[in-house]
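Take these sequences, add in the hints, and give me the full structure.
Chains as they are written, first to last, in numbering that gives the first Met the number 0: chain A, 0 to 580; chain B, 0 to 336; chain C, 0 to 331.
Hints are computed from structural coordinates only; laboratory data are not their basis. Keep in mind it's a predicted model, so treat the numbers as computed, not measured. Keep in mind that a hint or two might mislead.
Part of the chain A face toward chain C, derived, beta carbon under 10 angstroms [to be verified]:
(1) Thr425
(2) Lys428
(3) Ala430
(4) Lys434
For each residue, glycine too, the CB sits at the ideal point set by N, CA and C.
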Amino acid sequence: MTTNRRRVAVVGAIAALSVGALAACGGAGGSGGSSSSAAKGTLYYLTQTSAKPEHLDPQRVYIGRDITNLSRLVYRQLVTFPDSADKTAGVTPVPDLATNTGTSSNGAKTWQFTLKDGVKWQDGKAITCDDLKYGASRVFAQSVIPGGPNYLVAYLNIPTNKDGSSIYAGPYDKSAANQAGQAAFDKAVTCNGNTITYDFKKPWPDFPLAIAALHMMDPYRQDKDQGDKSNYSVFSDGPYELQGTWNQNTGGTFVRNPNYDAATDSTTVRKALPNKIVFQVTSDAETIADRLIADTGNDKNAVTDRSVPSSRFSQLNSDSVKSRLTSVSSPYIDYLQMNMKRLSNPLVRQALYEATSPQAWIDAGGGSKAYLPAHSIVNPVVHGYQPNPAFNAPLSGDAAKAKQLLQQAGVKTPYPINFMYEKTTTADKQAAALKSSWEQAGFKVTLTGIDADNYYSTIQKPSNNGDLYWAGWGADWPSAITVTPPLFDGRINLTKTSSQNDYGQYNSPAFNKLVDEAQNASTLDAQTTALQKADAQLGKDYAYVPLENQVFNLLHGSNVTNYLQTPSSNGYPDLGGINVK
Amino acid sequence: MFAYIVRRAVIGVALLIVMSLVTFILFFSGAFDPARNACGKVCSPAQIEQTSKALGYDKPILTQWGSFLAGIVVGRDYPLDKKVREENPDLVTHCAAPCLGYSMVNTDTVNNVLKSAIPISVSIALVAFVFWIIGGLLFGIIAAMTKGSFLDRGIVGLSLIFYAFPTFVVGSLLLRFVAIKWQIFALPVYVPLTQSPGLWFTNLILPAVTLALFYMAAYARMSRAFIIEASTEDYVRTAKAKGVKKVPLMFKHTLRAALTPLVTMAGLDLAILLGGAIITEDVFGFHGLGLLAVTSNSRQDLPTIVGIVLLLSTFVIIANIVVDILYAYIDPRVRLD
Amino acid sequence: MAISPTETEQRSEVGVVIAGETTAAKSPMRLAVDRFRHDKLSMASFVVVALLVIGAILAPILVKLGVLDYSTLHQDLIDNTNGGLPTGAHGGISASHPLGVVPGTGWDVLSRVWLGVSFSLAICLCATVVSVVIGAVLGIMSGYSRGALDWVIGRLVDLTLSFPQTLMLLALSAPIIAFFNSSLHLHGNLANAVYIIVVLGLFGWPSVARLVRGQVLSIREREFIDAARSIGASNSRIYFREILPNVWAPLLVQTTLLLPSYVSAEAALSFLGVGVQAPLPTLGNVLADATTWILGDPLYFWIPAVMIVVIVVSLNLLGDGLRDALDPKSGR
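As structure tokens, then:
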């Protein structure tokens with residue numbers, strides 16, 4: 000029970016570690032050595048029950064691991080990321096179903112893609128522009144198939160109702176009331192032969208990044224659509240297809256798709272080497288680690304998305320295990336968010352920041368093998384990352400300075416604070432470690448651990464009595480526009496009943512102005528500059544404290560070759576190139 | 000007897016109806032926020048409201064409960080919005096009576112979700128039951144018959160120790176050492192009985208032993224205590240005085256009295272376990288009702304939780320009736336009235 | 000415990016058999032104490048339980064005095080490049096940490112286990128008292144009375160027993176603790192502890208009531224009850240003077256199964272993430288954390304594991320000893 004399950008979904012990118020002993024594991028690449036590319040055998044992919052896929056529907060899937068696995072095996076996208084270990088190339092879109100990476104006009108408000116010839120569904124029928132359009136329309140059917148990324152609702156040029164919801168309710172609602180919505184959608188997304196055109200309300204300069212990182216714009220065959228019932232159906236246009244049905248509790252098997260034509264695809268995206276890929280949902284991360292350390296039977300052909308728990312680190316030191324371990328930093332950042340309403344005194348917030356010992360948190364959770372320190376809420380591999388200038392205290396905190404700041408603030412000490420966090424056995428220890436560091440500096444700390452199922456709904460209630468919240472986030476695509484604005488823009492987050500992702504109820508005109516600047520920028524560079532300033536503003540206000548960047552320590556079996564964890568696979572094993580002996 | 004069963008069955012059904020109401024109030028009355036959870040990551044209040052409407056969570060709790068009960072009798076069709084169903088016949092999921100609802104998280108009817116989990120829980124429970132009843136009674140009888148000897152003390156001591164180990168510790172030890180480190184058994188994975196009875200059984204050994212050790216220890220202690228107590232009853236002493244030999248005395252006279260309280264417990268324990276051994280299934284990753292309950296809880300899949308609660312309650316209520324009938328059969332002093 | 004005349008008559012006969020003629024004049028309670036003291040195992044378990052209780056009472060005092068320290072970090076004693084394992088041999092045993100330190104935090108294991116035992120026993124004792132009192136009273140009333148009362152209690156038992164206990168404990172923890180926070184102003188671990196006491200206590204009584212009722216059902220048919228009824232004894236007299244002494248033994252057996260089973264239940268709930276949370280230790284949350292270190296830091300695992308076994312075993316033995324002493328029919 001030690002998995003930190005985060006509500007956050009996806010991600011953009013990951014970086015190879017290059018620190019200390021980890022460098023031996025060699026960047027994002029792994030072991031494997033020989034680059035035999037002959038197609039062979041069965042690959043097993045192990046994951047744990049509490050992390051089983053929740054959706055296989057392209058318009059609903061929102062978990063980084065599932066997005067890349069589906070991309071590599073069954074769902075081709077208009078544009079996608081190559082399986083490159085390179086930090087830049089790995090997050091630069093390349094054409095997939097489309098002939099190029101898209102052309103924009105009208106200040107990045109209009110985007111156009113043309114489908115390649117010869118791309119087919121698993122039943123041999125050609126993929127058409129209408130399939131693409133139908134796929135996009137499903138994003139709007141939030142009442143029938145909720146749960147997926149819904150950026151399109153905010154961007155696509157369709158009028159909204161007074162309450163901010165779109166007038167278009169998706170393709171399932173054929174009522175008269177929805178006809179205006181359908182007409183608006185048909186106008187915003189148009190087909191001309193094999194060319195599709197999207198018309199947006201506001202500039203979307205990083206649109207290709209967004210659709211390479213998510214499946215929301217994937218084509219969907221209307222005659223295969225059964226709404227919610229299709230959640231676990233897979234209708235493939237990639238190199239594999241699902242054999243039989245997907246079983247949520249045990250997984251499923253993917254075999255070759257006879258109608259896939261490798262000539263329309265690139266081997267930098269999908270080498271599709273194993274003949275068969277078996278997904279196994281099994282007990283927990285501890286057991287998966289134990290199995291892969293033991294390396295027997297089918298587990299020799301196995302990869303996993305589960306990071307080795309810290310209680311197993313001491314077993315990773317033998318050569319036979321070490322050579323099968325790959326460590327890369329995850330696309331997530333864990334951070335503490337201050338409640339701006341309750342900690343209204345900026346000096347108290349600064350004191351709290353100075354007193355925080357990310358080192359104590361890191362050590363209690365497994366130490367330097369498990370986490371890298373973080374210096375911003377933005378992950379280092381996101382475009383335009385820079386360490387936040389406000390966060391330069393020593394890693395183990397500065398209790399003396401914090402004390403002095405509290406004195407300066409003129410508040411009574413010990414100053415009481417209530418820390419809310421998502422409860423796991425490990426997090427309990429980590430929170431207790433932070434408590435020690437804060438209490439040394441003159442705070443009196445109440446720890447409120449809340450179980451995972453209720454955590455976010457609790458801290459989203461504006462009336463909760465927390466002063467400080469733990470949270471984790473990963474970018475939806477490698478742009479800070481999917482990090483700071485969704486987390487700190489009070490205008491989109493704060494309502495009477497919910498703080499949504501802005502748990503600390505931060506709402507700063509200066510910050511909001513910079514967000515507007517970023518959102519209306521028509522070039523990536525202008526957007527990046529504005530977002531860097533926005534992050535600096537958050538630091539100045541001590542709206543959050545960056546804690547750490549989790550490291551994925553993933554083991555694989557001894558028969559696995561060409562093993563790779565790439566930026567495009569969100570740090571997980573990249574099924575685009577992995578093979579088995 | 001027949002009238003008794005009918006009366007108990009009627010009461011049982013009434014009890015289930017009350018339970019469903021209590022459960023509904025506990026889970027759907029606002030302590031949880033089911034719509035927020037089904038809606039997704041970036042979700043505006045308007046979207047939450049929309050989701051809530053699509054899933055029927057916007058209706059008053061009694062109305063929801065009413066349609067739930069109606070669904071059990073006549074079945075239901077999903078999505079709930081009739082208009083959407085008529086326009087999109089492809090989307091419709093029919094949930095035949097007795098319909099326990101629709102799980103948004105599993106995108107299937109609760110009935111189907113439960114159906115896939117039941118055989119696994121029942122398998123673990125039955126195999127464990129056989130282990131613990133045989134082991135528990137055997138050790139209990141041996142200990143009682145050799146009361147005071149080293150054998151008795153050994154059995155009592157060991158059963159005390161096994162009774163004391165929490166299930167998750169025993170399960171973790173068996174899994175880490177027997178299955179993974181020493182590889183005496185393969186890592187247990189559920190194999191359906193119909194697919195291979197042999198594999199079904201061998202894969203069930205470790206989880207069943209994990210469960211059974213605790214119960215076996217408790218039953219050995221209890222049966223020993225009950226047998227010793229029964230052996231001081233007048234009629235047993237009379238029989239003994241009349242020269243009935245030790246073994247026939249045990250099986251013909253003493254055991255019958257001693258079994259009475261054990262039947263109550265065994266029946267109820269089995270009924271509860273049929274509904275899933277949460278810890279054991281969690282440790283071994285068996286997707287029975289217990290693990291389903293844990294995952295449904297962590298994903299706030301309220302319809303499934305309510306379905307499991309009611310299913311388990313039905314097991315227990317039926318077991319209660321059976322146990323009372325058995326009780327009267329074994330102990331003639333008890334009348335069914 | 001008052002013994003009715005009928006009881007004394009029954010008991011003295013057996014008492015003579017066991018303790019010899021000289022004891023014939025002693026009171027039944029005195030006899031029980033004698034029998035208990037003659038049993039070595041009972042006395043041994045009594046000593047262990049007494050030590051546990053004294054230790055449990057001392058623990059919070061020792062924490063106040065600074066002898067036990069369950070929450071100070073010792074990051075210098077762990078290796079943060081190796082998953083946080085203690086740096087020294089055998090889980091970091093040293094003079095200042097006689098049982099080693101906790102991986103990751105360097106907390107003192109002795110302090111955490113000692114105080115954990117204290118908290119666990121306190122919580123589980125409260126829950127047991129809740130269950131046994133409710134269960135015994137309702138069980139006797141239900142088993143003896145005819146008509147509506149039996150029916151109502153019977154249905155209440157059925158209703159409570161019908162709920163899947165572990166699932167309810169798991170699923171209800173969030174909303175009930177939220178209710179404690181908002182309405183009763185119970186916060187943090189106090190709310191967690193009260194939750195465990197209340198739910199274990201309220202879900203645990205039916206097993207007591209059922210067992211008692213089962214016993215009473217056959218006791219009711221016995222002659223001495225008929226006799227009491229025929230001389231016009233009141234219901235409450237029959238409940239508590241005639242029946243209670245006769246269900247005392249099975250009730251005690253059930254209680255001794257209940258208290259340690261709650262200690263185990265607290266541990267199981269900790270494993271599922273419900274209950275008192277670190278830095279405050281309970282035997283359950285220490286053991287749940289330690290279980291993940293079975294292979295990495297075995298000593299850290301075995302200390303709380305052995306401790307829970309010692310507690311549960313000694314409480315059970317004590318209960319057995321009391322039972323044998325109080326109910327001479329089972330005489331040794």
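Verification of the hints:
no.: 1; hint: Thr425; verdict: 8 angstroms, holds
no.: 2; hint: Lys428; verdict: 5 angstroms, holds
no.: 3; hint: Ala430; verdict: 8 angstroms, holds
no.: 4; hint: Lys434; verdict: 7 angstroms, holds
In this structure, every one of the numbered hints holds.
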